[in-house]
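Asks: Chains as they are written, first to last, in our numbering: chain A, 412 to 909; chain B, 6 to 324; chain C, 8 to 299.
Treat the hints loosely; a few may be bogus.
What the hints assert, rightly or not - Now the in silico label distances, taken between C-beta atoms and shown as ranges:
| # | chain 1 | residue 1 | chain 2 | residue 2 | range |
| --- | --- | --- | --- | --- | --- |
| 1 | C | Ser73 | A | Pro657 | 29 to 35 Å |
| 2 | C | Leu58 | A | Lys614 | 21 to 27 Å |
| 3 | A | Gly872 | B | Pro236 | 39 to 45 Å |
| 4 | B | Gly71 | C | Val89 | 35 to 41 Å |
| 5 | A | Thr751 | B | Leu46 | 40 to 46 Å |
| 6 | C | Ser174 | B | Gly223 | 47 to 53 Å |
| 7 | B | Gly71 | A | Gln452 | 47 to 53 Å |
| 8 | B | Val306 | A | Gly872 | 51 to 57 Å |
| 9 | B | Ala218 | C | Ile38 | 43 to 49 Å |
| 10 | B | Val306 | A | Asp534 | 46 to 52 Å |
For the record, the hints were derived by calculation from the structure and aren't laboratory data. Idealized CB from N, CA, C, for every residue including glycine.
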Amino acid sequence: MNLNKSWKRSISACCLAPLMVSVVVGCGTSAQQGGTTAAGQPYTITIMSDSFSPDHTDPKSNPVIQALDKYTNTDIQIQWVPNSSYADKINITLASGSLPMVMLITDKTSSFVNAAKSGAFWDLTPYLKDYPNLSKANPIVLNNSSIDGKVYGIYRSRPLGRNAIVYRKDWLQNVGLSEPKTINDFYNMLVAFKTKDPNKDGKGGTYGMVVSKYAGPFDIMQTWFGVPNKWGQDKDGKLIPAQFTPQYLDALKFFRKLYQEKLINQDFAVFDSTKWNDPVVNKQAGVMIDVADRANVLLKTDPNMKLGIIGAIAGPNGLKSPATSGYAGFYAIPKESVKTESDVKKVLAFLDKLNDKQAQDLLWNGVEGINYTVQNGAAVATKQSDPDTNSLTQLEMSIPSELYTKAAQTDTSKLVDQVEQANEKIVVPNPAEPLLSNTYAQKGTQLDNILNDARIKYIVGQIDDAGLQASLDLWRKSGGDDYIKEINDAYTKVQQKK
Amino acid sequence: MENVPVQEPVLSTVRPAAKKTIFTKLKRDKWLYLLLFPGALYFLVFKYVPMWGILIAFQDYQPYLGFFGSHWVGVDNFKNFFMNPDFFRLLKNTLILSAYNIFFFFPAPIILALLLNEVRKAVFKKTVQTLIYVPHFMSMVIVASITYVFFTTEGGIVSELVSHLFGRQIDFLTSLTWFRPLIVMQTIWKETGWGTILFLAALAGVDAQLYEAAIVDGAGRWRQLWNITLPSIRSTIVILLILRMGASLDNGFEQIFLMTNALNRQVADVFDTYVYSVGITQGSFSYSTAVGLFKAIVGVVLIFGSNFLARKSGESGIF
Amino acid sequence: MRTNTVGGRMFDIINYILLSVFAIVTVIPFIYVIAGSFATSTELASRAFFLIPKTFSLNAYQYIFSTDTLFKSGLVSVYVTVVGTVVNLLFTTTMAYALSRRHLIGRNTVLNLVVFSMVFGGGMIPTFLVVKGLGMLDSLWAMIIPGAINAFNLIIIKNFFQELPPSLLESASIDGCTDLGIFWRIVLPLSKPVLATFALFYAVGHWNDFFSALLYINDSAKWPLQVILQQFVMMSQGTIGDASSMDPTFVKPPDQSVKMAVIVVSSIPIMLVYPWLQKYFVKGVMVGAVKG
Numbered sequence: 412m413n414l415n416k417s418w419k420r421s422i423s424a425c426c427l428a429p430l431m432v433s434v435v436v437g438c439g440t441s442a443q444q445g446g447t448t449a450a451g452q453p454y455t456i457t458i459m460s461d462s463f464s465p466d467h468t469d470p471k472s473n474p475v476i477q478a479l480d481k482y483t484n485t486d487i488q489i490q491w492v493p494n495s496s497y498a499d500k501i502n503i504t505l506a507s508g509s510l511p512m513v514m515l516i517t518d519k520t521s522s523f524v525n526a527a528k529s530g531a532f533w534d535l536t537p538y539l540k541d542y543p544n545l546s547k548a549n550p551i552v553l554n555n556s557s558i559d560g561k562v563y564g565i566y567r568s569r570p571l572g573r574n575a576i577v578y579r580k581d582w583l584q585n586v587g588l589s590e591p592k593t594i595n596d597f598y599n600m601l602v603a604f605k606t607k608d609p610n611k612d613g614k615g616g617t618y619g620m621v622v623s624k625y626a627g628p629f630d631i632m633q634t635w636f637g638v639p640n641k642w643g644q645d646k647d648g649k650l651i652p653a654q655f656t657p658q659y660l661d662a663l664k665f666f667r668k669l670y671q672e673k674l675i676n677q678d679f680a681v682f683d684s685t686k687w688n689d690p691v692v693n694k695q696a697g698v699m700i701d702v703a704d705r706a707n708v709l710l711k712t713d714p715n716m717k718l719g720i721i722g723a724i725a726g727p728n729g730l731k732s733p734a735t736s737g738y739a740g741f742y743a744i745p746k747e748s749v750k751t752e753s754d755v756k757k758v759l760a761f762l763d764k765l766n767d768k769q770a771q772d773l774l775w776n777g778v779e780g781i782n783y784t785v786q787n788g789a790a791v792a793t794k795q796s797d798p799d800t801n802s803l804t805q806l807e808m809s810i811p812s813e814l815y816t817k818a819a820q821t822d823t824s825k826l827v828d829q830v831e832q833a834n835e836k837i838v839v840p841n842p843a844e845p846l847l848s849n850t851y852a853q854k855g856t857q858l859d860n861i862l863n864d865a866r867i868k869y870i871v872g873q874i875d876d877a878g879l880q881a882s883l884d885l886w887r888k889s890g891g892d893d894y895i896k897e898i899n900d901a902y903t904k905v906q907q908k909k
Numbered sequence: 006m007e008n009v010p011v012q013e014p015v016l017s018t019v020r021p022a023a024k025k026t027i028f029t030k031l032k033r034d035k036w037l038y039l040l041l042f043p044g045a046l047y048f049l050v051f052k053y054v055p056m057w058g059i060l061i062a063f064q065d066y067q068p069y070l071g072f073f074g075s076h077w078v079g080v081d082n083f084k085n086f087f088m089n090p091d092f093f094r095l096l097k098n099t100l101i102l103s104a105y106n107i108f109f110f111f112p113a114p115i116i117l118a119l120l121l122n123e124v125r126k127a128v129f130k131k132t133v134q135t136l137i138y139v140p141h142f143m144s145m146v147i148v149a150s151i152t153y154v155f156f157t158t159e160g161g162i163v164s165e166l167v168s169h170l171f172g173r174q175i176d177f178l179t180s181l182t183w184f185r186p187l188i189v190m191q192t193i194w195k196e197t198g199w200g201t202i203l204f205l206a207a208l209a210g211v212d213a214q215l216y217e218a219a220i221v222d223g224a225g226r227w228r229q230l231w232n233i234t235l236p237s238i239r240s241t242i243v244i245l246l247i248l249r250m251g252a253s254l255d256n257g258f259e260q261i262f263l264m265t266n267a268l269n270r271q272v273a274d275v276f277d278t279y280v281y282s283v284g285i286t287q288g289s290f291s292y293s294t295a296v297g298l299f300k301a302i303v304g305v306v307l308i309f310g311s312n313f314l315a316r317k318s319g320e321s322g323i324f
Numbered sequence: 008m009r010t011n012t013v014g015g016r017m018f019d020i021i022n023y024i025l026l027s028v029f030a031i032v033t034v035i036p037f038i039y040v041i042a043g044s045f046a047t048s049t050e051l052a053s054r055a056f057f058l059i060p061k062t063f064s065l066n067a068y069q070y071i072f073s074t075d076t077l078f079k080s081g082l083v084s085v086y087v088t089v090v091g092t093v094v095n096l097l098f099t100t101t102m103a104y105a106l107s108r109r110h111l112i113g114r115n116t117v118l119n120l121v122v123f124s125m126v127f128g129g130g131m132i133p134t135f136l137v138v139k140g141l142g143m144l145d146s147l148w149a150m151i152i153p154g155a156i157n158a159f160n161l162i163i164i165k166n167f168f169q170e171l172p173p174s175l176l177e178s179a180s181i182d183g184c185t186d187l188g189i190f191w192r193i194v195l196p197l198s199k200p201v202l203a204t205f206a207l208f209y210a211v212g213h214w215n216d217f218f219s220a221l222l223y224i225n226d227s228a229k230w231p232l233q234v235i236l237q238q239f240v241m242m243s244q245g246t247i248g249d250a251s252s253m254d255p256t257f258v259k260p261p262d263q264s265v266k267m268a269v270i271v272v273s274s275i276p277i278m279l280v281y282p283w284l285q286k287y288f289v290k291g292v293m294v295g296a297v298k299g
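Chain A extracted, bound-state conformation (with noise of 0.2 Å):
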């Protein structure tokens, strides 16, 4: 989310049991490194990591905290940095030499893999197969977590088929239509929603679909008319960027028309994405293509609405959905303070454990009977916003699966599910995940804008096809074609390894 990243930053503070104040982040006294001081004494172990919530209990009050010690006999010190601010803490951390053992990475940033790469942390590659949970961790997102095929870290999964529509269902059963199912189905919706009041208000003012100023519906669309996920490959093998395959300019004339024909807002590149679910619930727009979890936020803020999920839209080449990275950060283990092999394997243990059943639990819903009951086979919190478990979910990484109880389900929550799994089976992987480029590492952000900018001018009728060529070749002049050589090179070298 672009806008947020801008004050995201400059937002602040971290947070840390007063306990293990000196342990972490710049305060280091080296001497606090976990290690076993005697036979079945618990072994410490120090981890930063994101947060969300405002407060945290006091580790030493902690129910939960004590219980997953005592699952993992283990000592565990948490620092917690707020979300907002983590990439930032990330980098005076490594320049402050003082290292927690475990340390979770959000973005795979030049500091990070310089750091990686000048042997900071473990590569734990070889490692996981003696893990129960660690060795059955999904290989594709194992892949995209890592760095030119070496694992650095744990990875937190996210469904990789999360991307997908999510429409008025009720609008849809106004307009007398069935589900779309092919792209002309799409727009039919869409035309119906804009033209016969599916609202039933006799006024009119719809539109069919609402788009933000950030990019990823476009991106999600794209995949319908076959055009790759970020990356594709052509008919010698070679990776090539998604905007020089034909049918690009297939799915930018597709958006053109929805533009002209005024079936999206017609602000929309500058239309904010926190505001994005407003003309939806306000029974203005009628479909928002996010990812499929979008519906319970929208039903949230208004229960009454019927919403349907669609995983994707048949093109040319059948139903096609961009696969998600499939994780959220992954959990480094720097050397610096986890010396030998022998305590990394312990770490790696303590890891693996996390993603038992048990723990599972334990981070998500907390100690049952304290923090929560269940119910129906359904967790039920005791609390609306609890300061014991809040921020443990963060650590939550559920390899192979999520195994914790659930709470209790809509009908909505069943189907988001149901969308996501489904979806796994058509996703479209994107191959340069795991790849590496220096000139993307250094001009990235102004590759992305020239593309953006240029598809955004087209849609609104700005360039024409002639204008759309000349920001694709300034694309190309300025660093695109290094980027895509270097991607093609750290690919060739992957692939030869395999």
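Since the structure of chain A is provided, determine the placement of chains B and C on it from the hints.
Replies: Chains B and C in isolation, oriented as in the chain A frame:
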């Protein structure tokens, strides 16, 4: 003055007419040096000790490797920056926006403070002062979203009004021509009230006797304004202007970032947003430090240059 | 009193109207924020702009005040603001006074270095390493001392001191005052409007600061209010697309209005400082002090 205790009269009152040695001057000012000391120490420790950070502009700095472990790359970062095809566009956008701000925003708090100064009803004055300083506390995110609400072509009040009055719609938010006026308007709206505080403080120091004397001389309101009020805050204005010149290449990242979109980026891109995209999001410290160093050098030249000009024209400047 | 001509009265009327209009224009969006903080999420989604919510809801405030952390962090913020402002004024005025005396040897060098430091800075990591080296991490002093002097403020205060009638300082020193005495007994009392102004500037800076807390404070018990409030905003924000690192099933708080309530809660306390300081802005303070 009778409250002032008599302390060590010898030191401060003995003033030999002949030139003093440096030592006696230092000794005379010992208390001043004592007062100077904490501040000087602060600048030394917190501003000058970290100054080595500038050198990473000549490195490929990696936080993990640290200053001594990172590679030296000479002026590569500067080369990349100046050779960047966007360099002149960025420079132009940055300078034009700064010029807009200096011409349109800079005088706003001064004018407002002068208007407030003319208000004689204390309650009205205090109320207005308090209300106009409120927007300073609104986050830029909120300001941007309110701007959207008013200016969007999908039913924004201003947009509708314009199309009623002029018969055509103007898309302020994506327009290349309207980007800068919009930014300046936001700044004027948000910071003018806050900016008046300093001038009101300066005005509070004006000797009321001067006005009384002027009235006796038959000076009207305008004459008083020109001859007494304005001169009394002139040096503050000059200093603020000089210091503002030093920030000519800073446009404030957040506001511009929030108001930028695909359709107006061409005029919206400035050094600050550029540094954000290469430096912060890509984590390239050295490159953004190099850009920062360039901005700083320009800033220092402008500060000392304008200070020189100010002193030439008889102002005291910052010294 | 001043002359009361027709032109003068016309000027007054126009002036009053202009100021009233500007005051209303500037304050209305804030009223919208307050109204929004009491509105339901449905209303916020459906009405672009309003000054009175149709349905009055306390959800956002209930959510924010559901934790006693808010109160604790408020105390941290008040402490940092009060102590920080005192430290700021102490450091800044002493240095400014010394620099305002033109005969001081080395004055220009120091001033040059101060101006230089306004534009050249070492950056985040080097400064962090200094603070760490001084052992200030995790201490509230880390949110106070590294920003003890703002060079911009220093220069302006120095300028104000320089503008004080030289005859006054002269006579004081003839009366036998040391520079310390002149500073304390003459310069400071004469500069009340200036001190009030910069107290406000510094206090607002401390109150709104969360970046130094991010960098230097690891202990959640020492989080200032702004950090806590930003966490609320982050939590209440719907996350978008794959970029989200929050788990999709995470229970989000109910309202968009949380964002607005956060602005209200975080800004109102500090806004109240200004009206209270306004008494120091009364004209003629200085003259009175001189005569007294």
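Asks: Indicate, hint by hint, whether the structure satisfies it.
Replies: Do the hints match the structure? See the list:
Roughly 55 Å separates the CB atoms of C:Ser73 and A:Pro657, a value that falls outside the hinted 29 to 35 Å. In this structure the supplied range 21 to 27 Å holds for C:Leu58 paired with A:Lys614, their Cβ-Cβ distance being about 25 Å. The hinted range of 39 to 45 Å is not satisfied by A:Gly872 and B:Pro236, whose Cβ atoms lie roughly 56 Å apart. Take B:Gly71 and C:Val89: their Cβ atoms lie about 37 Å apart, and the range 35 to 41 Å holds.
At about 44 Å, the CB distance of A:Thr751 to B:Leu46 agrees with the hint of 40 to 46 Å. Between C:Ser174 and B:Gly223 the beta carbons are some 28 Å apart, a value that contradicts the proposed interval 47 to 53 Å. At about 34 Å, the beta-carbon gap between B:Gly71 and A:Gln452 misses the expected band of 47 to 53 Å. The supplied range of 51 to 57 Å is broken by B:Val306 and A:Gly872, whose beta-carbon atoms lie about 44 Å from each other.
For B:Ala218 and C:Ile38, the hinted distance range of 43 to 49 Å is satisfied, since their beta carbons lie about 44 Å from each other. The beta-carbon spacing between B:Val306 and A:Asp534, approximately 49 Å, falls within the hinted interval of 46 to 52 Å.
The structure is inconsistent with the numbered hints 1, 3, 6, 7 and 8, although it conforms to all the rest.
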